[in-house]
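Top to bottom, those sequences are chains U and B.
Each residue of the first sequence is one higher than the one before, starting from 1 at the first, in this note's numbering.
Each residue of the second sequence is one higher than the one before, starting from 1 at the first, in this note's numbering.
It cannot be assumed that every hint is accurate.
Stated by the list, open to error - Pairs of lysine-lysine, DSS-like flavour, derived with a Cα cap of 27 Å:
hint : chain 1 : residue 1 : chain 2 : residue 2
1    : B       : LYS390    : B       : LYS374
2    : B       : LYS374    : B       : LYS395
3    : B       : LYS395    : B       : LYS352
4    : B       : LYS352    : U       : LYS84
5    : U       : LYS24     : B       : LYS15
6    : B       : LYS372    : U       : LYS84
7    : B       : LYS234    : B       : LYS15
8    : B       : LYS10     : B       : LYS244
9    : B       : LYS127    : B       : LYS142
Hints listed in this document are in silico derivations from the structure and should not be mistaken for laboratory results.
The model shown is predicted, which means the values in this text are computed figures rather than measured ones.
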Amino acid sequence: MSVFVIIYYTLLLGASCLAAYFNKRSAFLLLFSLTLVSFVLGIVGGVGALRAVAIAAGLLALAAMVSYAFREFLIAIASHNMAKELRTAPLTAAFGMFVIFTYAIAGIFAPWIAPFGEAQVISSAFAPADENMLLGADQLGRDMFSRIIYGARNTVALALAGTVLAFTLGAMAGLLAATTGGYFDQFLGRMSDVIMSIPSLIFALLMLSIFGGELANDTTSFWLLTGFAVLVGLLFVTAVAEGNVMSWIIGLAIMVGVAVAFAGGMLVIFNPSEIILVLVVAVIYSPRVFRLTRAVAGNVVVMDYIEAAKLRGERRWYLIRREILPNSAAPLVAEFGLEFCFVFLLIAGLSFLGLGIQPPTADWGSMVRENATLISFGELTPLIPAAAIALLTVAVNFVVDWMLYRSSGLKV
Amino acid sequence: MTKKKDVLLKIRDLKIEGYSDETWVPIIKGVDLTLHRGEVMGLIGESGAGKSTIGAACMGYARDGTRISNGSIEFDGMELTTATEADRRMLRGSRIAYVAQSAAASFNPAHKIIDQHTEAPLQYRLKKRLEAQEDAMELYEKLRLPNPQEIGFRYPHQVSGGQLQRAMTAMAMSCRPDLIIFDEPTTALDVTTQIEVLAAIRDIVDEFNTAAIYITHDLAVVAQMADTIKVLLKGEEVEEAPTKEMLDNPQEEYTKSLWAVRSFESPQKQRPKDGVPLISVRHVDAAYTKGEKILDDVSFDIYEGMTVAVVGESGSGKSTTARVITGLLPPMKGEVLFKGTPFPPDYRNRTKDQLRQCQMIYQMADTALNPKLKISELIGRPAQFYGGLKGVALKNRVDALLDMIELEPSQYYNRYPTELSGGQKQRIGIARALAAEPSFIVCDEVTSALDQLVAEGILRLLDRLQRDLNLAYMFITHDLATVRSIADEVVVMQHGKVVEQGPKDDMFTPPHHPYTDLLLSSVPEMDPNWLTTLLEERGIDNVGDAAAARLDPKDPKLTGANA
Chain U
1 MSVFVIIYYT
11 LLLGASCLAA
21 YFNKRSAFLL
31 LFSLTLVSFV
41 LGIVGGVGAL
51 RAVAIAAGLL
61 ALAAMVSYAF
71 REFLIAIASH
81 NMAKELRTAP
91 LTAAFGMFVI
101 FTYAIAGIFA
111 PWIAPFGEAQ
121 VISSAFAPAD
131 ENMLLGADQL
141 GRDMFSRIIY
151 GARNTVALAL
161 AGTVLAFTLG
171 AMAGLLAATT
181 GGYFDQFLGR
191 MSDVIMSIPS
201 LIFALLMLSI
211 FGGELANDTT
221 SFWLLTGFAV
231 LVGLLFVTAV
241 AEGNVMSWII
251 GLAIMVGVAV
261 AFAGGMLVIF
271 NPSEIILVLV
281 VAVIYSPRVF
291 RLTRAVAGNV
301 VVMDYIEAAK
311 LRGERRWYLI
321 RREILPNSAA
331 PLVAEFGLEF
341 CFVFLLIAGL
351 SFLGLGIQPP
361 TADWGSMVRE
371 NATLISFGEL
381 TPLIPAAAIA
391 LLTVAVNFVV
401 DWMLYRSSGL
411 KV
Chain B
1 MTKKKDVLLK
11 IRDLKIEGYS
21 DETWVPIIKG
31 VDLTLHRGEV
41 MGLIGESGAG
51 KSTIGAACMG
61 YARDGTRISN
71 GSIEFDGMEL
81 TTATEADRRM
91 LRGSRIAYVA
101 QSAAASFNPA
111 HKIIDQHTEA
121 PLQYRLKKRL
131 EAQEDAMELY
141 EKLRLPNPQE
151 IGFRYPHQVS
161 GGQLQRAMTA
171 MAMSCRPDLI
181 IFDEPTTALD
191 VTTQIEVLAA
201 IRDIVDEFNT
211 AAIYITHDLA
221 VVAQMADTIK
231 VLLKGEEVEE
241 APTKEMLDNP
251 QEEYTKSLWA
261 VRSFESPQKQ
271 RPKDGVPLIS
281 VRHVDAAYTK
291 GEKILDDVSF
301 DIYEGMTVAV
311 VGESGSGKST
321 TARVITGLLP
331 PMKGEVLFKG
341 TPFPPDYRNR
351 TKDQLRQCQM
361 IYQMADTALN
371 PKLKISELIG
381 RPAQFYGGLK
391 GVALKNRVDA
401 LLDMIELEPS
411 QYYNRYPTEL
421 SGGQKQRIGI
431 ARALAAEPSF
441 IVCDEVTSAL
451 DQLVAEGILR
461 LLDRLQRDLN
471 LAYMFITHDL
481 ATVRSIADEV
491 VVMQHGKVVE
501 QGPKDDMFTP
511 PHHPYTDLLL
521 SSVPEMDPNW
531 LTTLLEERGI
541 DNVGDAAAAR
551 LDPKDPKLTG
561 ANA
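The shape of chain U in the complex, shown without the other chains (with noise of 0.2 Å):
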């Protein structure tokens, strides 16, 4: 019996005692299974196991105080409102929103937080950690640390990207359906049902094996996003211009302009191949969108309200802006969080298939398939990448589960 053990017992069974005295019925049905747990465990598994246990909640109990007070925090530095609405999340919330919050300051000071560049090759391949590298060298030698840093910052800047071009395009078309009906409707809905019954995988894989390769240089990434910025201003310019020709030539104008410096600026950001990426990932989650937009907007639109706004004589432009967006909004924000995890994991997995971000760019999808072969070895290397994708997911869910929760209107 060594020190460890008998701390152990005690520490479970004093607690245990205690939560039972102070009648704390799940507390004491939580610490005495565990002690009773643990008897077999000791027995079983040793010490070892013992220490594994007392680990693992220790690292529980950490995540806990760590999220606890980053809640703290947030409520004390936002505003009245805002603090009200934090006040509600259950820690589970504050863990996913400390956990953005740190990939967040990782993929945006990446260069200064790295301290290897993503492509420079500093030792001899699968190095094991050292004092220079935290967690070894990849198959080509390079600091995976750094990697694991700058790839925060290409994977999710990408999901980001993707996600919020879906969205735009969805969304809109969402709510100009609801609020049109009729054959464009129709026309919409059909659309979105032949995207959807493509499996998105082998569909975006088909996508990437047309424009991938000799296609993807910045002349053909131009027009393509181009073409998709005017789609999406065309439906922008639908709902606001309506029957009026004027409005029509101006709001086609401006959309021209917007489209062009839209292209522009995305090729700034992203290389070629990239922008392929981003815009076959809004083209297929873009009809989940119009599907949810659709329905939601729909049940806003045949409120009391907004027949009223309609007798006043108030324009779409007004109805969707003002009237249905506000009353969807909660449902679509739950929505985003929850699309960009399935973005950030198809482009992970296309990373793994090879059709996704491009080497020499740090990528968590291609690191794992990179550095695969480490398993056979008994190396976790390859895990690490994995793990960041997985806790980002994670993350993320914790935050849209608080946000679903709320904007179902449930109280205490």
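Starting from the structure of chain U, add chain B where the hints point.
Coordinates of chain B only, in the frame set by chain U:
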């Protein structure tokens, strides 16, 4: 308290708190209640008085976000506040039953009525399924539901609202409970339907000698049902007395004010001798797409500064008429004239000025106000839209409008509709209509979702605004008390036809059209014997749907034979 029997339910110093804005706020502030076996107690008070909360507490139940903080609830010798959840659950359904306000929303639409009825007896193993079904049919017969053998095998949506409410009462009876809690069971029903539900409830409660707590805000209804009446205000008891005594001789100021509500009456105005009607509906037929004809040759006139009340039970085409006038539903035939010139039938073809002239106030202020907009924008938008007001001028206009509806501008300017009470919301709805500076407002059941005191305030406000601004109202309602207090002219509708129209005073003096007569005689009166008398006069089977069906549509108008 004529029947002195053993005490069934004893509540002492009950305090309930609700969670809002991160603190526990008291909702019920120490209420005592004693209910004997077979006694019916009426709980009345305006909304927010805590009637339903007490009703739920009688089952030992605190709704989500509330908690019972103090006091004792003793049901037949068993203390409910300290009982375990499992023990309390054993009572519910078997010994205490609950009848909710909206039966349509409370039945599960996916199961047949009788399956839901027999659920409780089967759950408590009181009866076998077939026995329970036979018992259900017996109860249906007692409650005078049509086809008692068959009606239970329908789904809830295949049954009318009044019948569903009775089926729910039958369901509450399925285990022969000691206590039934009725939470506003007839509030959502028409007057003609209300009678049959009231009669049915009263009979069955008498027959099984069940104790009941009857929650309502309608005094006339509670007068028919209750042995004793308890008046509540903001979570505190105002007074309690036997029905007769309470009606004849109320003690407290608040109770007296409740009784006085029905006294408001605006003087009847006469049509101007010459002049064009402001709105003139001419021979309008209307139907929703490919459906049956909802309106059949409807014509009436509304003159400037006058109130025309359109009455009739639900489904009679009142709201459809309003939709035709506002242009939401272009008519199949006929036209709507505004000051002698035809209005385009579709609102989309109307000019901004035509739209401005004709505004609408809705029944449900909850759904009629965008919950995400501030009051300032809700009211300010029409002023901005039609009048082109901006900046300070807009703010001044909104302040003036808020003053007009008797709300303090500085306090409400930046609030959201969800932070307001029902009556305040309805006032905002009125302000929004006024902001357009219309000459004609359609009021669609504006007071039917409100308590009497609040509704009274709204009616007075509308009346004052009419005098100040020379507005014309089309007042859609099924509540004849409202008609009596505010209307100048009345249009009675049934099955999409106008059956009678004329000045108010003529309408309320016999002889009537038989349908008008049915409507008029169905309005509950404060006399506790009213229901009994009425049932004796008409016969037990001649109320509600049955009576309406019995009216011969070819009956020559104003025969007076039925009166």
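Which earlier hints turn out false for this structure, listed by number in ascending order?
-> 4
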